[in-house]
Amino acid sequence: DQQVKQNSPSLSVQEGRISILNCDYTNSMFDYFLWYKKYPAEGPTFLISISSIKDKNEDGRFTVFLNKSAKHLSLHIVPSQPGDSAVYFCAASAPSGNTGKLIFGQGTTLQVKP
Amino acid sequence: DAGVIQSPRHEVTEMGQEVTLRCKPISGHNSLFWYRQTMMRGLELLIYFNNNVPIDDSGMPEDRFSAKMPNASFSTLKIQPSEPRDSAVYFCASSKQNIQYFGAGTRLSVL
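Sequence lines, in order, name chains A and B.
Under my numbering, the first sequence has 837 at position 97, and the numbering climbs by one with no breaks.
Under my numbering, the second sequence has 297 at position 84, and the numbering climbs by one with no breaks.
No lab work stands behind these hints, which were simulated from the structure alone.
All residues carry an ideal CB built from backbone N, CA and C; glycine is no exception.
Incorrect hints may appear among the rest.
Computed footprint of chain B on chain A, listed as stretches where at least three residues anywhere in the stretch have a Cβ under 8 Å from a Cβ of chain B [to be verified]: (1) 783 to 792; (2) 842 to 852.
Pair ranges (Cβ atoms, derived) [what the hints assert, rightly or not]: (3) Lys745/A with Asp270/B: 39 to 47 Å; (4) Gly229/B with Ser792/A: 31 to 39 Å; (5) Pro297/B with Ala810/A: 36 to 44 Å.
Construct all of the structure, not just a fragment, from the sequences and the given hints.
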C-alpha cells in the first residue's frame, strides 16, 4: 500500500517556464511534507518543506502548495533552469515520537530543456 | 559539517559473500535511517534507529540483512550471504527532527 504517490514518472519543461510536480497521499495523519532533489550518483538533498498548518511555503524559485482536503501537494519551480534537471521525491511524516521517519514517493524525473 | 558519510562508495562482490556497508551520521543527529533504491521499488526504508536503538526493521527484506548502531557516530548494514537481487544503491540518512540528510550512497553489485 503506497501512502505517498507521484503518478508522473517524468516531466519535460522548457527553460524559463514553470515546472509543476505533483504528489498525492492517503494518510490523513501526515503532518509534515518535504521535497527532495536527487542528481545521479548523489544522495537525495532536502529542498523545501511544509507543515500541515500551512497551505503554501516559498523559497526563492521553489514553492510548495498543500491541499489537505484533496490530500495533494505540489512543487512549483519558476523559472525552471537546466540545473533543475533531477529526480524529485516528495515525502511525508506523521507524528511518531519525533523520530523523523519519512514515507517517500516513487519520484518524478524532471528534464529542463535549454 | 562533513554531512553523512558512507563507505564504500562502490562495492562489487560475488554471490554468497558477506557485504558490510558503513555510515557515519551527522554529529548531533539522533535518528539514523537505511534505505535501498532500485528501479522497481524506488526508495525503500529498510530500518531506522532512534538514539542508537532500532525502532522499526519491518523493511528489512529477510534474515540475510542485519543492521547495528553500536554508538551515536557509526552504523553498519550487513548482508550475509549476498545475492544478485541485492544489487542496488544503499543510502544512509540521519536527522534531528523532520528533515533527513542523506549520504552519497553505496552502489552494490552482487555478481
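Results of checking the hints against the structure:
no., hint, verdict
1, 783 to 792, "holds (count 5)"
2, 842 to 852, "holds (count 6)"
3, Lys745/A with Asp270/B: 39 to 47 Å, "violated (24 Å)"
4, Gly229/B with Ser792/A: 31 to 39 Å, "violated (47 Å)"
5, Pro297/B with Ala810/A: 36 to 44 Å, "holds (42 Å)"
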